[in-house]
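J.: Order-wise, the sequence lines are chains H, Z, S, V and G. For the first sequence, counting from 1, position 12 maps to 688 in the numbering used here; every step adds exactly one. For the second sequence, counting from 1, position 196 maps to 433 in the numbering used here; every step adds exactly one. For the third sequence, counting from 1, position 84 maps to 309 in the numbering used here; every step adds exactly one. For the fourth sequence, counting from 1, position 138 maps to 141 in the numbering used here; every step adds exactly one. For the fifth sequence, counting from 1, position 245 maps to 246 in the numbering used here; every step adds exactly one.
Since the hints were made in silico from the structure, they are not lab data. Predicted model, so just to flag it, every value in this text is computed and none were measured. Even glycine gets a Cβ: it sits at the ideal position worked out from N, Cα and C. One or more of the hints may lead you astray.
Stated by the list, open to error - Rough simulated footprint, nothing fancy, chain Z against chain G, three-plus residues with beta-carbon under 8 Å:
hint	segment
1	14 to 27
2	68 to 78
3	90 to 104
What the hints assert, rightly or not - Here are the computed lysine-lysine pairs in the DSBU-like style, where the Cα-Cα straight-line distance is at most 35 Å:
hint	chain 1	residue 1	chain 2	residue 2
4	V	Lys411	S	Lys515
5	Z	Lys451	V	Lys411
6	V	Lys174	V	Lys244
7	S	Lys515	V	Lys453
8	V	Lys411	V	Lys107
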Amino acid sequence: MKRNYIQQAWLVIVLACLFGAALAAVHAGLGPRIAQNRLNDTLSQIPTLVEGAARGEPLEIGGRIVYRAVDGEGAAAGWVVPAGGQGFADRIELLIGLDREAAQITGLYILQQNETPGLGNRVTEPEWRARFAGQSALAPLTVVKGRAGGAGEVEAVTGATVSSQSVVGIVNEAVARFRRERPEGAP
Amino acid sequence: MSERKNDGPTPMERFLGGLIPENPVYRQILGICPSLAVTNTMEGALTMGVAALFVLLCSNILISLIRPLLKPHLRILVFTLTIATFVTIADRVLAAYLYDMSKQLGPYIPLIIVNCVIIARCEICASKQRVFTAAADALGQGLGFTLGLMTIATVREILGFGTWFGKWLGWRVIPATAPAHWSNWVIMILPPGAFLTLGLLLGVFNALTAKKEKAA
Amino acid sequence: MAENAVTPIAPAAPPPAAASARAAPAKPAPALSVAPGPHIASGALTTRRMMLDVILAALPLLAVSVYLFRQYAVFQIAISVIGALAAERFFGWMRRRPNTLGDLSAAVTGLILGLSLPASAPWYVGVIGAFAGIGFGKAVFGGLGQNIFNPAMVGRAFVMIAFPAALGASAYVAPTLGVDAVTQATPLTAFKMMGSVAALKPLFLGMTNGSIGETSALAALIGGAYLCWRGTAAWRIPAGGILALAILAGASDLTGGSPWTFAHHLSSGAFLFGAFFIATDPVSSPLTPKGQWIFGAGFGALVLLIRAFSGYPEGVMFSVLLMNSVAPLINRWTIPTPVGGPAPERK
Amino acid sequence: MSSESSTVLSPPGRFAGGVHPPEHKELARHAAIEVLPPPAELALPLLMHTGAPCQPVVQPRAEVVYGALLADSDAFVSAPIHAPAAGVVQREGVATLPNARHVKTIPLKVGPHQMAAEELMADMFGGEWPEDGIADVAPEEIVKAVRAAGIVGQGGAAFPTHVKLARNPKKPVDTILVNGCECEPYLTADYRVMVEAPAPVISGARLAARAAGAATIIIAVEDNKPEAIEALRAAAAGDVKIMSVPTRYPMGGEKQTVRVATGRTIPTGGLPLDVGVVVINVETAAAIARAVWRKKPLTHRVVTVTGGGIAQPKNILAPIGCRYADLVAFCGGLKPEAGRAIAGGPMMGFALGDFNAPVTKGTSGLTVLTAEDVRRAAETPCVRCGRCVEACPLDLMPTRLALAARHKDWNLAKRHHLMACMECGCCAYVCPAAIPLVQLIRMGKVQMMKEVGK
Amino acid sequence: MNYLVSVLLLAISTALINNMVFHYFVGNCPFIGVSRRVDTAFGMGAAVTFVVTIAAALSWIMTYFVLAPGAPLTAAVLRLVRPGSTAVADLSILNYIVYIFVIAWAVQLVEMYVRKFFPPLYKSFGVFLPLITTNCVILFTCLEIMKHVPVAGAPVAEPWGLDRALIFAFFAGIGFLIAIVLMAGIREELEHCDVPAPLRGPGITMIIAGILALAFLGFTGMDTTLARRLAPKPPPASAETAARPAP
Ligand SMILES: Cc1cc2nc3c(=O)[nH]c(=O)nc-3n(C[C@H](O)[C@H](O)[C@H](O)COP(=O)(O)O)c2cc1C
Ligand SMILES: Cc1cc2nc3c(=O)[nH]c(=O)nc-3n(C[C@H](O)[C@H](O)[C@H](O)COP(=O)(O)O)c2cc1C
Ligand SMILES: Cc1cc2nc3c(=O)[nH]c(=O)nc-3n(C[C@H](O)[C@H](O)[C@H](O)COP(=O)(O)O)c2cc1C
Ligand SMILES: Cc1cc2nc3c(=O)[nH]c(=O)nc-3n(C[C@H](O)[C@H](O)[C@H](O)CO)c2cc1C
Ligand code: SF4
Ligand code: SF4
Ligand code: SF4
Ligand code: SF4
Ligand code: FES
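Please build the complete structure, drawing on both the sequences and the hints.
T.: And the structure:
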């Protein structure tokens with residue numbers, strides 16, 4: 677009876693082996709490329725977030741990964757801090773660029789969001805993100821509606837105040853904590 | 238002669254059948270989930286369509302090749318194993334070469350595994366007919382499915398973003414000068430728009446084919 | 226009975242001549258009709274009269290809206306009503322159905338839709354809302370009496386999600402219109418975003434911002450009382466809604482909840498307008514008295530939940546649609562047991 | 004028996020739903036009962052009751068006297084038919100009753116010598132009606148007399164009364180409920196009987212109680228008939244309770260009357276007997292008294308001829324078998340504005356196709372409405388307003404019943420208890436969409452019986 | 002207390018806000034095919050809820066212990082076979098295949114168990130069980146859980162323990178149940194309505210689903226607001242669980 681069963685299942689077993697081999701090959705061939713894609717998602721942004729940076733070096737601070745942005749020669753150019761929090765619809769994950777003293781925000785990049793297309797997801801647009809560059813990192817930013825923001829202020833995306841506030845909140849909190857926890861005197 | 242009869246529809250019939258008379262989306266109402274989930278952009282629709290076509294083609298060919306060896310009670314198991322393998326391959330290939338699309342389509346690519354279009358084709362055609370017919374069937378059904386997705390995406394992307402293939406080709410259909418809140422119907426991008434669009438298109442498709450049948 | 230078979234018969238068709246000494250009535254024979262009973266009807270209400278009642282009941286709301294929003298209210302309502310009538314005729318024509326504009330139901334849909342829009346909404350919002358409402362909300366179900374959802378709310382939801390910028394909170398702050406009432410955020414938005422609590426009296430009277438028809442609780446009450454008195458609207462629905470909202474909000478007040486008390490909840494936003502004019506749409510609400518209580522209470526509770534916890538400042542529209550979707554189940558669950566118990570199984 | 008006079012009770016129960024159409028009783032309410040002189044010919048249907056049809060016991064051309072037995076049947080559920088006037092029996096004929104049933108008739112050519120009107124009235128309602136001595140009459144005797152007199156329910160259903168009164172050991176009866184509600188608009192026949200002849204009604208009620216073994220006797224009258232209540236109260240002794248019940252259609256329906264007057268609920272598909280009650284109409288009660296004390300059969304009944312389309316509305320003591328045309332002629336004919344003639348009241352009555360149909364033992368009235376009265380808006384789709392649900396006195400969902408009937412969806416029909424409907428018409432009366440609910444339901448019941456019942 | 006709150010939030014967010022049908026578009030086939038009668042729809046919904054919970058548990062366990070990169074069981078086996086190896090075993094390429102078999106197995110298991118121990122339950126939804134193997138609600142739930150299974154090497158944004166995975170799966174099933182029962186109620190009501198012929202069946206079902214999806218948008222944001230209200234301290238939402246992309 678049992679033998680019979682195995683006899684019948686031989687096709688399944690052969691197929692499983694074949695498929696296993698094929699998948700192993702795919703994994704071997706494409707795995708590194710996929711991993712690189714994932715990493716690129718973060719690392720490739722570093723030069724755009726911190727002026728003069730060429731690449732980032734991961735570093736663990738307080739149980740979290742941050743990146744030290746270094747220029748071509750390996751000299752410190754600034755910091756890139758990953759952060760995340762709740763947006764209007766779903767979590768928003770982003771990267772914050774800071775200068776060497778972590779005194780000024782140099783850039784912002786949204787890694788992942790699920791906000792309403794056409795509304796909340798406009799926080800990913802470069803024009804809006806540009807409002808963060810050059811802001812001081814010493815005091816929390818505030819959101820303003822309907823008028824251009826001055827120093828320390830970010831104008832909300834029209835019709836998406838909640839998303840805008842979420843992003844600013846995430847940035848404020850992450851920057852404040854990073855300033856508290858970052859290694860003394862670094863980089 | 239009798240052998241031909243047993244072989245069922247010809248490759249050409251299979252191929253053409255998939256396009257309209259037996260269109261998976263509009264006629265068989267199969268694979269509705271991806272039809273809704275990935276069709277807010279043409280890019281998503283096309284990518285999903287091609288991925289499904291790939292899986293369908295590979296599975297149909299393989300199943301047809303081994304059809305004399307199939308045992309009835311292990312049939313579904315073999316189908317599922319085959320489909321899951323090809324889906325995994327498609328998923329990895331996308332992640333490697335079209336990372337953005339892979340991120341956008343998320344879990345809907347692996348969901349092709351349970352997409353009934355594919356199991357249905359394995360069952361109806363591939364496990365009974367010769368390789369060439371099975372391949373033609375897969376092509377027809379896959380293209381029919383892609384066509385279905387793209388019609389939905391056309392409506393949704395144009396109304397929702399004012400573009401057609403906006404991400405890849407940047408074609409604007411509604412001029413950018415139109416006020417944004419007038420030209421971009423957010424609802425079309427969101428779930429309600431997906432359901433409403435598919436519902437209406439189903440109605441249009443039925444009305445058109447009904448008219449044709451009446452005329453014939 | 227519609228097909229009144231009119232059979233002119235001679236009354237007292239003279240019995241065989243010699244038979245009767247008394248002469249048959251000498252007068253000319255009137256035409257008598259034959260139809261199944263009952264042969265009299267209340268006549269207090271017809272479908273058309275019900276719709277007319279809603280329009281009459283909306284007069285106080287219209288007056289307040291025109292006072293507050295001036296020509297914008299007139300414009301918005303006119304656009305919506307014309308849009309709804311055009312849509313009704315268009316879909317009727319598509320299906321080769323006779324003209325049904327005369328029953329006024331489409332006009333009521335347009336009126337309610339218009340009253341639920343902000344004064345600043347651009348013209349196409351009313352038009353698209355009317356077509357979406359009549360189309361998706363009514364025509365696809367087969368027209369009057371067969372729809373599951375409230376057509377006006379389907380239309381409003383469609384345009385609200387399609388054009389969030391034209392119907393979102395910021396749409397209500399429209400100083401460009403030059404109307405005093407629309408320079409500040411609506412009371413509900415102001416509370417949700419800034420935590421500022423409006424004074425009760427203006428809320429009740431309606432001297433606040435909001436959708437054109439929703440501002441005055443008083444006007445909605447007057448109109449609503451008329452509808453209930455006429456029997457056009459099932460009074461149990463607003464009663465259930467008001468009770469549920471008041472009890473839930475009152476309970477939260479007692480536990481030291483929020484400064485937005487149950488009185489604020491009752492008189493702010495579209496609640497009373499919705500409870501009397503929208504939730505009471507006979508077609509999309511339950512049939513049985515018990516079902517109407519459940520429907521009303523569910524409506525009130527959902528309004529409170531959405532106001533308190535969701536991302537939206539107001540929940541009337543969503544609550545109506547959600548309860549509409551439950552109404553068929555409510556109908557099913559509240560089939561009354563006949564007096565005397567269920568009919569015995571036939572042997 | 005105690006002779007202290009009765010007090011008026013208020014009802015212990017109530018029923019939900021129902022409607023209150025304009026009563027229009029003023030048209031005929033003050034018209035004292037007049038006797039219709041026998042017309043030249045009468046046509047007595049062999050089936051004018053619920054149950055088995057009768058067979059003629061007289062040959063054509065036979066001469067018969069007033070009250071002679073014309074037809075009878077061996078069946079238990081049936082009632083014999085007697086001659087309302089002296090005359091000559093004709094060859095068997097046919098007639099179409101208002102409910103569209105074709106029945107055989109015994110035509111009777113009325114002879115020249117007839118009882119005078121005053122004599123007939125006195126015989127029907129006048130004189131003394133013994134209060135004592137009822138206990139001496141054996142119950143079986145009463146039942147036998149009722150059967151012999153051919154009495155059937157005069158409240159509408161025309162069910163043979165002796166069947167109701169016969170004792171059934173399995174279903175003891177404790178209450179006789181005399182139904183004087185007359186809730187149909189326009190009709191005033193029962194009212195006139197109660198006002199003009201309370202004594203036979205009360206006596207008949209006592210006899211019925213004696214026959215059925217009931218201890219309690221209640222006469223229920225709607226509170227829009229205070230004169231009737233007063234007349235009965237004055238005539239009744241303490242053992243007969245007069246009850247004033249609210250005016251609301253269909254209070255006279257036995258399910259409602261029993262519920263209101265006794266607080267008991269008749270099970271769906273059941274009879275008052277199931278809750279220990281026998282319901283009889285006031286005229287039926289009077290007929291019982293006449294049958295027992297005077298040994299006279301049921302040959303005449305009071306019929307209201309009324310409505311805006313009738314020249315002189317009247318309450319008429321009419322011989323069974325006269326034609327509606329005779330009634331109309333007696334009332335001065337139709338007015339030009341007449342629009343529809345109805346056998347019975349406007350709620351439950353049947354529209355007449357012609358006036359040749361004969362008056363039967365169950366005929367309570369002829370209502371001629373004006374064209375204006377019967378004008379209704381065109382039917383529109385149901386707007387699910389629930390008014391019919393609210394109006395239904397049996398707590399049914401008429402719109403669903405009609406929907407089920409229209410689409411022959413018997414599952415839906417069963418789920419909503421189609422068969423429980425008593426066709427009272429309240430639902431159709433209130434429906435703003437003018438949907439012929441009762442007609443649809445009636446058709447549905449018949450079809451469902453045909454298709455699923457077998 | 003806090004745990005209960007988080008359960009409540011997950012429940013609301015999964016069943017109502019991010020409803021499987023109206024938000025994620027999964028399970029449409031049964032949603033269209035089995036929503037004609039309320040009782041069968043309820044049976045289908047109950048069966049899905051049952052199976053999805055079990056399949057979710059199994060797939061969480063498989064992912065955590067076997068499939069994820071550096072999963073303990075696989076690592077142990079690897080060490081046994083190749084002592085001293087430092088390679089991180091990553092079987093995640095087998096995820097999909099394993100899930101689909103886990104689901105098929107779970108369906109069989111549930112069917113056997115229910116038939117044996119709860120015959121009345123089997124009567125009410127047993128007939129739907131075999132259909133469920135290819136129901137995407139279940140695979141989708143497994144895939145969502147996959148994203149949240151804690152992995153030793155590469156921390157994920159919101160790691161879920163087995164308990165959260167179970168709660169998520171259960172309420173995903175409940176969300177599907179709500180959706181399909183509502184739809185069935187509506188479709189029963191529509192049975193005798195004059196729906197245009199081309200729209201009958203799937204067409205009108207999709208349109209109703211669209212309106213329902215509109216209505217369900219009303220719940221948007223309820224989870225976040227509730228979280229803010231119910232958490233006494235400022236919510237640990239922002240920045241706390243920062244993404245840590247693999248270095
Ligand atoms: C369908 C829909 C989607 C929305 N999506 C977002 C969003 O992604 N982000 C956001 O901040 N607000 C969104 N909103 C708007 C919010 O409800 C809220 O009205 C808005 O944040 C207020 O911002 P405003 O003052 O700029 O109008 C959306 C509204 C609707 C109707
Ligand atoms: C009948 C009616 C229903 C409404 N329903 C909603 C609703 O469900 N959700 C909502 O946000 N606003 C609704 N509104 C608008 C709000 O009452 C009010 O105008 C709101 O404060 C505007 O803010 P928002 O557009 O940002 O939501 C409704 C208005 C009316 C007249
Ligand atoms: C809707 C409806 C209304 C009725 N109204 C009366 C009424 O007003 N008076 C009456 O005596 N019987 C009325 N009946 C008949 C009673 O139900 C019952 O059959 C009758 O009173 C029994 O007495 P009978 O057998 O002497 O006719 C009505 C029946 C129905 C269904
Ligand atoms: C009391 C009452 C309230 C109504 N409310 C609405 C409403 O809120 N929205 C709407 O579109 N139609 C409403 N109508 C009109 C009508 O019922 C509606 O157009 C139907 O839903 C169309 O089938 C109402 C009618 C009445 C009698
Ligand atoms: S006719 Fe039937 S359904 Fe209509 S109210 Fe009377 S009992 Fe109810
Ligand atoms: S009264 Fe008429 S319109 Fe109202 S629910 Fe009943 S059948 Fe429909
Ligand atoms: S994947 Fe499943 S639910 Fe989705 S379309 Fe196919 S069979 Fe239907
Ligand atoms: S069998 Fe089930 S999954 Fe397949 S089409 Fe039918 S309902 Fe959909
Ligand atoms: S149900 Fe079809 S892919 Fe999900």
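J.: Does each hint hold? Answer for all of them.
T.: Each hint, compared with the structure:
Figure legend: the segment 14 to 27 of chain G, annotated as covered by chain Z; annotation consistent (5 residues with Cβ-Cβ distances under 8 Å, at least 3 required). Look at the segment 68 to 78 of chain G against chain Z: 0 of its residues bring a Cβ nearer than 8 Å to a Cβ of that chain, fewer than three, so the hint is violated. Residues of the segment 90 to 104 of chain G lying with their CB closer than 8 Å to a CB of chain Z number 7, which satisfies the three-residue condition for coverage. For the hint pairing lysine 411/V with lysine 515/S, the CA-to-CA distance comes to about 27 Å; that is within 35 Å, so the pair holds.
In summary, the hint linking lysine 451/Z to lysine 411/V is supported, as the alpha carbons are separated by about 29 Å, within the 35 Å threshold. At most 35 Å may separate the alpha-carbon atoms for a hinted pair to count; lysine 174/V and lysine 244/V meet this at roughly 23 Å. Between the alpha carbons of lysine 515/S and lysine 453/V the distance comes to roughly 34 Å, so the proposed pair stays at or under 35 Å and holds. Using a Cα cut-off of 35 Å, the hinted pair lysine 411/V and lysine 107/V holds, with the two alpha carbons roughly 34 Å apart.
In terms of the numbered hints stated before, the structure departs from hint 2 and from no other.
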